[in-house]
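Peer 1: Sequence:
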Amino acid sequence: TVLGYLNHENPYLKVEALKVYSRIKGAEGKVLYLELLNDNDIGVQKEAILCLAKEKSETALGKFLAILEKSEDIPFDKRGQLEACLFRALGFYGNIDRPGIGLLEDFLLEMLDRRLSPGRLRFTTGMLKAISPEIIVACCETLGNIGTTKSRKLLQKLNKQKDSPWKQKAEEALEKIAEREAA
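So for the sequence shown, the working numbering puts the first residue at 958; every next one is plus one.
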């Protein structure tokens, strides 16, 4: 059965079993997905995050935000991949308001601002290297899904970075925001 493969020692088989289990059980598997956030394998963790995000689990959203707030606790070799996955997961929830945190867009902009610059939106090459391109791309994608006019300034600055891996994603996010505002 699928459950047997969820405990398999091969991480690839575990991830594939989780995908199948998620398609079959959906939201009923929430407890298992939450448990798998603590798995040793980054691939399993990322798939568990995706399963929870698809179900728009409020419990999981709280965990995602807590993990992102304390990202320095994530082992360095996994941090970039896990953070990027978590930032993308926020896009599934929409720009909802969280008590004590505010809108997800505000949380995301604050996190980016804190990591990208010592001062308010000061972009220098050195500071951009401090945060992985994968994370910036993920944030651009999420801002494209949930962002409003507030996100424009940051996305425009990211869009001006020539030859950056996030330039296209920042541009796409700006277009999506413009489309939503025009509707």
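Keep in mind that the hints were calculated from the coordinates and are not lab data. One thing to keep in mind: the hints can contain errors.
Stated by the list, open to error - In silico lysine-lysine, BS3-like type, Cα no more than 30 Å apart, as pairs:
hint, residue 1, residue 2
1, K1119, K1107
2, K1013, K982
3, K1011, K1035
4, K1110, K1133
Peer 1: Hints numbered earlier in the text: which of these fail when held up against the supplied structure?
Peer 2: none
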